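> Work the whole structure out from these sequences, hints included.
So the sequences go chain by chain: A, B and C.
Numbered by the working numbering, the letters in the first sequence go through residues 1497 to 1834 in order.
Numbered by the working numbering, the letters in the second sequence go through residues 19 to 309 in order.
Numbered by the working numbering, the letters in the third sequence go through residues 3 to 328 in order.
The hints are simulated quantities; they were obtained by calculation from the structure and are not laboratory data.
Quick caveat: nothing in here was measured; it's all calculated off a predicted structure.
Treat the hints with care, as some may be off.
Said to hold, decoys possible - Covered stretches of chain B, going by a simulated chain A footprint (3 or more residues, C-beta under 8 Å):
| no. | segment |
| --- | --- |
| 1 | 145-155 |
| 2 | 243-251 |
Stated by the list, open to error - A short list of chain A residues far from chain C (calculated; beta carbon distances all over 10 Å):
| no. | residue |
| --- | --- |
| 3 | Y1502 |
| 4 | F1654 |
| 5 | P1742 |
From the three backbone atoms N, C-alpha and C, an ideal C-beta is built for every residue, glycine too.
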Amino acid sequence: MAFLAYFLRRLSLVIPTLIGVTVITFTLTYVLPGNPAVVKAGPLVSPEVVKELEKEMGLDQPAWVQYGRYISGVLHGDLGQSHSTGRPVLQDFRQRLPATLELTLASLLIALVLGIPLGVQSAVHRDTAIDHIGRIVGVAGVAMPTFWTGLLGLYVFFYMLGVAPPPLGRLGAGIEPPAAITGLYVVDSLLTANWTALGSALHQLMLPALTLGLSVMAPIARMVRSTMLEILESDYIKAAWAAGIPRRRVIYGDALANAMIPVVTILGIVFGFLMAGNAVVESVFAWPGIGNYAIASLMTKDSGPIQSFVLFVALLYVIVNFVIDILYGLIDPRIRLE
Amino acid sequence: MADIAIAPTSTALRLVWRRLRRNWVSAVALSLIVVTAVAAALAGWVAPYEPDATDAAAALQAPALHHWLGTDIYGRDLLSRIIHAGRVDLAVAFGATALALAIGCSIGVVAGLYRGLVDLAIMRCVDSIMAFPAFILAMAITAALGNSVGNVLIAIALTQIPNYLRLIRGEIFRIRELEYADAARVVGNPAWRIMFVHLLPNALPPIIVQATLAMGYALLTMAALSFIGLGIQPPQSEWGSMTAEGAQYIVTGEWWLFLFPGLAIVLMVLSFNLIGDSLRDFLDPRMRGVR
Amino acid sequence: MTAVLEVRDVSVRFATDFGEVDAVDGASFEVREGEILGLVGESGSGKSVTATAILRLIRKPGRLAGGSIVLGGRDLARLDEEELQKIRGTEIAMISQTPRTALNPLITVGQQVARLFTLHAGLPRAEARRRAIEMLAMVGIPEPERRARQYAHQFSGGMCQRVMIAMALAASPRLLIADEPTTGLDVSTAARILDLLRELGARTGASILLITHDLGVVATTCQRVAVMHAGQVVEVAPVRSLFRHPAHPYTRALVRSIPRVDRASVMEPVPGSVPSLLNAPAGCRYAGRCPWVEDRCRREKPAMTAVAPEHFVACFAVEDGRAPAV
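Dropping the structure here:
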């Protein structure tokens, strides 16, 4: 019962934020210099036709009416047209979303698999060489731009060592994508036992996922470290020592389990970093995702994709954070049971 | 008659020396920033070559005696270009941070003082702004406002405003709580006077820390935006755009063209972060609760 | 009576930026079979540090700087971590002054007690669970079946302390260290917890080292008491003897400072304050506050001598007869 109240309370906070997000995205579109009707109509058209187009697009209406049209458009899946691809933005998105999803998930996995143990070891071996190295790596890592580490990775692993493939996309040249079940090539090729596709997909995914994953590893490791340090000083851990529970059990059982709860809360922020870094990494590695799509359309001043991309990312961010909040409430018995 | 242990002078000196030794990193970081800023400002005098001076004969040379960081395809000296480019980077980083600080604190004070509906409205707006990953928002704002350095500065500043806003607002709320318990009010001091007497010394340290760290962040954002082509228009050069230019040479092995501009970014951001971290360690325990 | 625990000349030091702090200096006392020994002293007198030292849980920057801790014939100061781990929880157990936070918030109370049975007694899950519920009932938790499925935050402070006691006694230890078990509990709950400790001690035959700053607790619950001041044990005596004839100047001041409700009296605080333990003085640490202090007191540390059967004091003034008999 108390959990329901928690859920509803969280929900009531999320809804105004979602609305606010759409307002901001709309304002950005609205503020755009230039006349969308002119852009759509092209340069060779007479002023009267432009005026007709304006009426049709509702550009002569007051701001809030246009906002209404915008919202209803979004809700119906109308995100405008892309001038470069000539297709509806929504369609382009759907085609490119799996690529971004795959990259994001792979990066998150790498960040967690590397970051959590690093944080734990740093905390357990506090102020020793391991800890200092870990912290230096963390501090340095945060200062490195993702595009730079990506390029560095390309230079070292592709040019110098030849272990990474040229940045040509999700699959090597001539490899057919596996049967589409989830849209994630790695998963799909596993499910269909398509080993050539699996190998190629992993090979292509390796460097971009590593780049993006390492960029968010540092905050995770740092959070795990500081949380573990706090927890290792807590009364119940001290009581566990005193009760003779073996050291490994205490650290990797009790302490770690308790540490995971605050870590879950930063997963939302980590997700935000991932989405932001995604765009840049996709750009560096020519990864055919929605980030790359948005950036490419920036150059052609194609506003539809950019604003839709931004809206999408923000909405996703809010929803992910909301889901994490709820998950947090489920995991922590102190919240779950009044 | 308290018998407090006052460390004798020799121990105090030992303590100071230990602190200094631990903080040599920040000292180095600070010097690095100062040196870079001065070099950038005095670029014309400091740089060994003119940034735009082409020299076909010296094209695509690896780092060597004549060109410490190598040359690009037009024979332009990379070191000189980096020094000159630093102006834009540092100017935007500083400018965006200053702007965000000024606006954020002002609005934060309004939210804190007026409370009620005004505060609610402001905080809902802040929540919505913070729902966007900062880089994505900066990207969208720049795209909306137009592709120029000035707009990039504004865009970055806008994404940073919520941080200062919440800091100041938080402090004001905290002082309000104290105010009610504070005897000063009973004695007759006007509310706003108490507010400012308490506000500044308590709010300043976290703001200083935040601003320092934010400068590193602003620099990263600026570089990333110009990497993807926003803000910087050629022939202007900036560390991020230089890295983008250098990227195409990776496949042909001219590594210095992307490495050094990026390295400049890394060193600057690292310095800001290190200083910010040690400022935080230094200021927090001392200033918290000090009247 | 045989001693379950013999603490001989134990010292604990902490390294700080300013120098070494002698938190405990040559503490000696023993806990006998089946008794409740009180360890009393002001805040900062080293009582909790002593308890932590007995369990060999002192961690950097602290260290056990000397002495022996003999439990059942074995010197804990000489054992390695693996052997100590086997002893903790099984032969010695501890309960702390923060029962609420001493319980893992993520595991049910029942699971926390049960896993100790699994760990120490090797019992299978179902059996361990059964014993856990039995234990909860024994410490006086109503509806133990239902309560075992709940989490720490759903228990009151007094209940949490009972759970701690249940966990501590799970493996039937020979010695239970209770570190200020009633701090943070209201008076009536505290009284009930003390009653529980007394009862369980008698029932299981466990000896209890009861650490407290409250002389009232000592008077009602302990048989013998050791008094600590600034890291030094200054007096050990049966409770009656201590209150009727306090020997050490510090103990006298302590006893005198207890407010009386039966007659009008002036409140007499203990004069002065605890000396700094940083690079502490060599001799008796009460020297700065003592009315009978001599030069010798500042240079030499007095040894424990008997002033009455079972009543020991470390004080030159008492030895030399300068302090009047009480």
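> Each hint needs a verdict: does it hold in this structure or not?
Hints, one by one, checked against the model:
no. : hint    : result
1   : 145-155 : holds (count 10)
2   : 243-251 : holds (count 4)
3   : Y1502   : 15 Å, holds
4   : F1654   : 45 Å, holds
5   : P1742   : 6 Å, violated
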